[in-house]
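Can you make the complete structure from the sequences, with help from the hints?
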Amino acid sequence: MGGIHLKSALSNFPIFDTDIKFYDLKEPIDVVDGKLEEAQMKLADVVAKLKSKDYFVVCMGGGHDIAYGTYNGILSYAKTKSKDPRIGIISFDAHFDMREYSKGANSGTMFYQIADDCQKNNIKFDYTVIGIQRFSNTKRLFERAQKFGVTYYLAEDILKLSDLNITPILERNDYIHLTICTDVFHITCAPGVSAPQTFGIWPNQAIGLLNYIAKTKKNLTLEVAEISPRYDYDDRTSRLVANLIYQAILTHFGCEIK
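First residue of the sequence shown? That's 1 in the numbering used here, and the numbers climb one at a time after it.
Treat the hints as calculated values from the structure; they're not laboratory data. Just so it is clear, the structure is predicted and the values come from calculations on it, not from any experiment. Errors might be hidden in some of the hints.
Unchecked claim - Only pairs whose alpha carbons sit at most 25 Å apart, straight line, appear in this in silico DSS-like list of lysine-lysine:
no., residue 1, residue 2
1, K49, K79
2, K103, K79
3, K35, K21
4, K7, K21
5, K83, K217
6, K35, K81
7, K120, K81
8, K7, K215
9, K124, K217
Written out as structure tokens, the structure is:
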């Protein structure tokens with residue numbers, strides 16, 4: 001349902017560049033009979049095929065578990081360009097999403113899954129998280145993040161953009177998996193999430209970083225997740241995220257609004 005509300009919000013924006021064409025695949029990728037991995041691999045296949053045709057891909061959740069599918073799609077495509085592609089992950093999220101998945105994957109396990117996959121396949125796991133909430137992650141999750149060399153910025157420490165140095169991860173990687181979990185934002189801006197944050201970050205703290213990343217054109221996709229319309233107030237969350245998506249798209253394609 002989150003994707004439907006997002007597309008509705010996006011449809012209201014004015015056109016600033018007629019050379020930028022928008023396409024909607026329309027048919028959602030659903031989890032059938034609890035088979036999450038099948039849905040994730042279907043998404044991975046779609047992402048890889050669209051990238052092979054040079055589309056900029058926007059993936060809309062749904063749960064943040066779509067990140068596992070998106071990452072694998074990026075990896076599949078990147079391997080057609082290089083034997084050993086370097087992929088960095090930049091996530092705006094209140095959570096690490098590196099929980100145990102021995103009893104099954106979910107929207108809180110995917111980056112641990114990716115870390116394990118990288119380790120098995122001798123690929124560098126390069127993960128930066130912006131907006132982590134100190135009291136929304138267990139001690140074990142902080143320890144796991146440290147073990148895997150995760151760079152993270154606590155929401156409470158993000159006072160100004162200059163506090164965050166994301167240039168290194170952009171420079172050392174060929175591609176960036178850019179993902180946004182909407183629960184990273186302050187509850188007044190994003191009430192429509194399952195885990196609203198009283199001390200979340202503000203949109204103006206994110207937009208500058210998103211533009212900075214988009215200008216590099218290294219993010220092959222933009223992924224947004226965890227919008228829950230039933231908790232939303234006047235579609236506030238969908239409209240916020242739609243603005244972020246549209247701004248990132250225009251920046252990616254070098255469109256200046258005058």
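Evaluation of the provided hints:
no. : hint          : in the structure
1   : K49 <-> K79   : holds, 13 Å
2   : K103 <-> K79  : violated, 30 Å
3   : K35 <-> K21   : violated, 33 Å
4   : K7 <-> K21    : holds, 15 Å
5   : K83 <-> K217  : holds, 20 Å
6   : K35 <-> K81   : violated, 31 Å
7   : K120 <-> K81  : holds, 21 Å
8   : K7 <-> K215   : holds, 23 Å
9   : K124 <-> K217 : holds, 21 Å
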